[in-house]
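A.B. asks: Here are the chains, one letter per residue:
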Amino acid sequence: MDDLFAARSQMALSLGFHIIYACIGMVMPFFMAVSHYRYLTTHQDVYKRLTKAWSKGVAIFFATGAVSGTMLSFELGLLWPRFMEHAGPIFGMPFSLEGTAFFIEAIALGFFLYGWGRFNPWFHWFTGVVVGVSGLASGILVVAANAWMNSPAGFDYVNGQYLNIDPIKAMFNNAWFTQALHMTLAAFTATGFAVAGLHALMILKKHNVVFHAKAFKIAAIFGAVAAILQPISGDLSAKDVAQRQPAKLAAMEAHFHTEKSAPLVLGGLPDEGKKQVNYAIKIPGMLSFLAHGNFEQEVTGLDKFPKEDQPPVLVTHIAFQIMVGLGSFLMLVSLLYLLALWKKKKWLYSTWLLRLFVLAIPLGFIAIEAGWTVTEVGRQPWILYGIMRTADAVTPMPGIVYSFYLFAGIYFSLSLVVAYLLYRQIKAVPTLYDVTPEPTPVAH
Amino acid sequence: MLYVVIAFLCLGILLYFLLGGADFGAGIIELFTHRRNIRKTRTTMYHAIGPIWEANHMWLIIAIVILFVGFPRIYSTMSVYMHIPLVLLLIGIIARGTAFVFRHYDAVVDEMQVVYNNIFVYSSFLTPLFLGIIAGSAVSGHIDVQADNFLDAYVFSWLHWFSVAVGLFTVALCGFLAAIYLIGEAEEQDRRRFVEKALILNIVAVVCGALVFVAAQVEGVPLLEWLFGNAISFTAIVLATLSLALLWFLLGRGQGKVLRVLAGFQVTMILLAIGWAHFPDFILLRSGDHLSLLETQAPAATINALGWALVLGSVFILPALFYLFYSFQKKPIHDFEV
Numbered sequence: 001m002d003d004l005f006a007a008r009s010q011m012a013l014s015l016g017f018h019i020i021y022a023c024i025g026m027v028m029p030f031f032m033a034v035s036h037y038r039y040l041t042t043h044q045d046v047y048k049r050l051t052k053a054w055s056k057g058v059a060i061f062f063a064t065g066a067v068s069g070t071m072l073s074f075e076l077g078l079l080w081p082r083f084m085e086h087a088g089p090i091f092g093m094p095f096s097l098e099g100t101a102f103f104i105e106a107i108a109l110g111f112f113l114y115g116w117g118r119f120n121p122w123f124h125w126f127t128g129v130v131v132g133v134s135g136l137a138s139g140i141l142v143v144a145a146n147a148w149m150n151s152p153a154g155f156d157y158v159n160g161q162y163l164n165i166d167p168i169k170a171m172f173n174n175a176w177f178t179q180a181l182h183m184t185l186a187a188f189t190a191t192g193f194a195v196a197g198l199h200a201l202m203i204l205k206k207h208n209v210v211f212h213a214k215a216f217k218i219a220a221i222f223g224a225v226a227a228i229l230q231p232i233s234g235d236l237s238a239k240d241v242a243q244r245q246p247a248k249l250a251a252m253e254a255h256f257h258t259e260k261s262a263p264l265v266l267g268g269l270p271d272e273g274k275k276q277v278n279y280a281i282k283i284p285g286m287l288s289f290l291a292h293g294n295f296e297q298e299v300t301g302l303d304k305f306p307k308e309d310q311p312p313v314l315v316t317h318i319a320f321q322i323m324v325g326l327g328s329f330l331m332l333v334s335l336l337y338l339l340a341l342w343k344k345k346k347w348l349y350s351t352w353l354l355r356l357f358v359l360a361i362p363l364g365f366i367a368i369e370a371g372w373t374v375t376e377v378g379r380q381p382w383i384l385y386g387i388m389r390t391a392d393a394v395t396p397m398p399g400i401v402y403s404f405y406l407f408a409g410i411y412f413s414l415s416l417v418v419a420y421l422l423y424r425q426i427k428a429v430p431t432l433y434d435v436t437p438e439p440t441p442v443a444h
Numbered sequence: 001m002l003y004v005v006i007a008f009l010c011l012g013i014l015l016y017f018l019l020g021g022a023d024f025g026a027g028i029i030e031l032f033t034h035r036r037n038i039r040k041t042r043t044t045m046y047h048a049i050g051p052i053w054e055a056n057h058m059w060l061i062i063a064i065v066i067l068f069v070g071f072p073r074i075y076s077t078m079s080v081y082m083h084i085p086l087v088l089l090l091i092g093i094i095a096r097g098t099a100f101v102f103r104h105y106d107a108v109v110d111e112m113q114v115v116y117n118n119i120f121v122y123s124s125f126l127t128p129l130f131l132g133i134i135a136g137s138a139v140s141g142h143i144d145v146q147a148d149n150f151l152d153a154y155v156f157s158w159l160h161w162f163s164v165a166v167g168l169f170t171v172a173l174c175g176f177l178a179a180i181y182l183i184g185e186a187e188e189q190d191r192r193r194f195v196e197k198a199l200i201l202n203i204v205a206v207v208c209g210a211l212v213f214v215a216a217q218v219e220g221v222p223l224l225e226w227l228f229g230n231a232i233s234f235t236a237i238v239l240a241t242l243s244l245a246l247l248w249f250l251l252g253r254g255q256g257k258v259l260r261v262l263a264g265f266q267v268t269m270i271l272l273a274i275g276w277a278h279f280p281d282f283i284l285l286r287s288g289d290h291l292s293l294l295e296t297q298a299p300a301a302t303i304n305a306l307g308w309a310l311v312l313g314s315v316f317i318l319p320a321l322f323y324l325f326y327s328f329q330k331k332p333i334h335d336f337e338v
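Sequences listed follow chains A and B, in order.
Going by this note's numbering, the letters in the first sequence line up with residues 1 to 444, in that order.
Going by this note's numbering, the letters in the second sequence line up with residues 1 to 338, in that order.
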């Protein structure tokens, strides 16, 4: 493993874990706030116990998200000092605002976790909402910084010099909105389905059914609404990428040759040597339509780019297929669930629907990892699109591979402990959060 | 605006030392507490820092963001030549932060607690050690950007007597701060123990401080000249020494709040003395070149935007933070449900 590959692997690993912790840490506070709201308005004790149970999850994920985020703020420099030396002053604005949002989140979490019975109940509820809103703001700001790497703005690049820096323009680059929208909906979808699925599993096992049914409903509605909105945001993103990063779009679609009325390639195995896709289903004209809103229009293929500027096709294409496939599946489950809520009430108590949710526990997060692979690998060989190559940004220090092994060990063991803690939290529901005897469920 | 940004950078470093440092100190105290008293110490500590500990560690993020946005050359130079201690620091931060939360949010209390506790106390010791090593190396003139071999470039840049002495001094100061804070938090019958701890750690800190001077002589760091060569540093050292005497006098007389202010004042004066001595230089290189806060700053547009972001941010953060500290100081947390 050479140093560049080790550095890329370490960055991918760190972000790959952080993205999961951060998504859960920023979305779960909203579930918690809804449950807390229900408690304050209906005075049903089960909502209070649910809020407390969820808040333990939030605390665990916030802590892991906070430390893994702190690590990333150092790793940017440890691995990519040449990039940060130039990029820091340009795309630093969202990071400095994110620092503020993150700080507010930490303060609000202190109030919320330790504030039971200590403050006005609505002030206490409000601090929980602040945790969610500032977490969401942090997420959007960090994605805006990443968007700048895809869509550099706010400076003039003249003879290797970065001149006329405008950090505000850099923050509001062309990609920030589509990327932030897509990531936010993805976070709600993935967390909603993961949480709902875990509670569905408990309902299927007939453990504390009333408690878990309340939890399931809140998480499932959030997840379902986000999953149904996601294709719209995906369409915006695709059109945007087609404009700004045609090479990335071409890699996503394994679109080797520039052509008019280009087909959409579903699945398949790209052969980068022969420049063709084997075993794929092709829908004629569809790629032209999705990318440019017109079945005839020409779509730029990889052949328009010199070899050294082309992103890896195999990884990008497969990751894109996984993301779209899983996203579509989650959207279908969401439609079924909303239909059940609206028209087919008896589906709500059926095992098949609950089983679908259990199946979906990891799918949203797999889709997030795949989507993030698309955006990062699809930008290669650039770290800053069209301006600086990843190979020119890496640290001069040799031996990064050992650092990679070290970080891999840390992240894997950390994730094992987090999973173990969650398992113990869920197992403890009957003794800690839902001790009252189960009332017999009332049929509606 | 540049001075606003620099002020926030100094504030971030100072508050991280005073608040985050005291959190590390609490773990250090736990490391040196007899098995018999450990449970009590742990509870007192949790009640003291539980609600505020996440916020305390945000100051590090603020400082690091200011560095990479406002002073990118300083950030990248540190990242390259202090890669190894920074990685070790990060491991300490991640191990400590997660172990602290895990041991309080594990639904089952069993032998896993031993694992969490061990990780917590050892990383509480290692993290400030490496913070001190990094701070010491930044000003020791050992960073050699022309070095052509691995050891000179990436190891001896930070591994030398002076930086290690500064690291130990940092650990001792953190422990001392924590002991002083905990005197005010402890129940009547435990107070004695924290007074003893504070006294011992204070002596350790003075000894480590002396070590720093010896190491500076050995490594050729002109520490004496820095501290006594200008009026402000000199005054700060005199004030720190006077407050030390006052603190010894008041220790054990049960003045929780006064003690805290004095301890905080003392540490602030130490940081001021050393910081002022080579302000505005942030990193001193072997070649004799200096990376100065007034010369390596980002372009004006960035510094202005950063300054405004910090000012606006502090309008939200500071009142909320004061209210958080105030709310949880009124009454011990164990009177309430968690």
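Mixed in with the good hints, there may be bad ones.
Computed cross-link-like contacts, DSS-like style, restricted to lysine-lysine with a CA-CA straight-line distance of at most 30 Å [said to hold, decoys possible]:
id : chain 1 : residue 1 : chain 2 : residue 2
1  : A       : K217      : A       : K345
2  : A       : K217      : A       : K307
3  : B       : K257      : A       : K52
4  : A       : K427      : B       : K40
Which bits of chain B does chain A cover? Going by a derived footprint, with three or more residues having C-beta under 8 Å, they are [claimed, not checked]:
id : stretch
5  : 55-66
6  : 81-88
7  : 199-206
8  : 283-290
Worth flagging that the hints you see were computed from the coordinates, not collected in a lab.
Glycine included, every Cβ here is placed at the ideal spot set by N, Cα and C.
A.B. asks: How about the stretch 55-66 of chain B: do at least three of its residues have a C-beta closer than 8 Å to a C-beta of chain A?
C.D. replies: Per the Cβ count (9), the hint holds.
A.B. asks: For the stretch 81-88 of chain B, do three or more residues have a beta carbon lying closer than 8 Å to a beta carbon of chain A?
C.D. replies: holds (count 3)
A.B. asks: Just to be careful, I want the Cα atoms of K427 (chain A) and K40 (chain B) compared with a cutoff of 30 Å; is the pair within it?
C.D. replies: holds, 29 Å
A.B. asks: Count the residues of the stretch 283-290 of chain B whose Cβ falls closer than 8 Å to any Cβ of chain A, and tell me whether that reaches three.
C.D. replies: Violated: only 0 residues of the stretch 283-290 of chain B have a Cβ under 8 Å from chain A.
A.B. asks: Given that the stretch 199-206 of chain B was listed as covered by chain A, double-check it with a C-beta distance under 8 Å for 3 or more residues.
C.D. replies: violated (count 0)
A.B. asks: Starting from K217 (chain A), check that the Cα of K345 (chain A) is at most 30 Å away, please.
C.D. replies: holds, 13 Å
A.B. asks: Check whether the Cα positions of K257 (chain B) and K52 (chain A) lie no farther apart than 30 Å.
C.D. replies: Cα-Cα ~34 Å, so violated.
A.B. asks: Between K217 (chain A) and K307 (chain A), does the CA-CA distance stay at or below 30 Å?
C.D. replies: violated, 51 Å
The structure fails hints 2, 3, 7, 8 (numbered hints given earlier, in ascending order).
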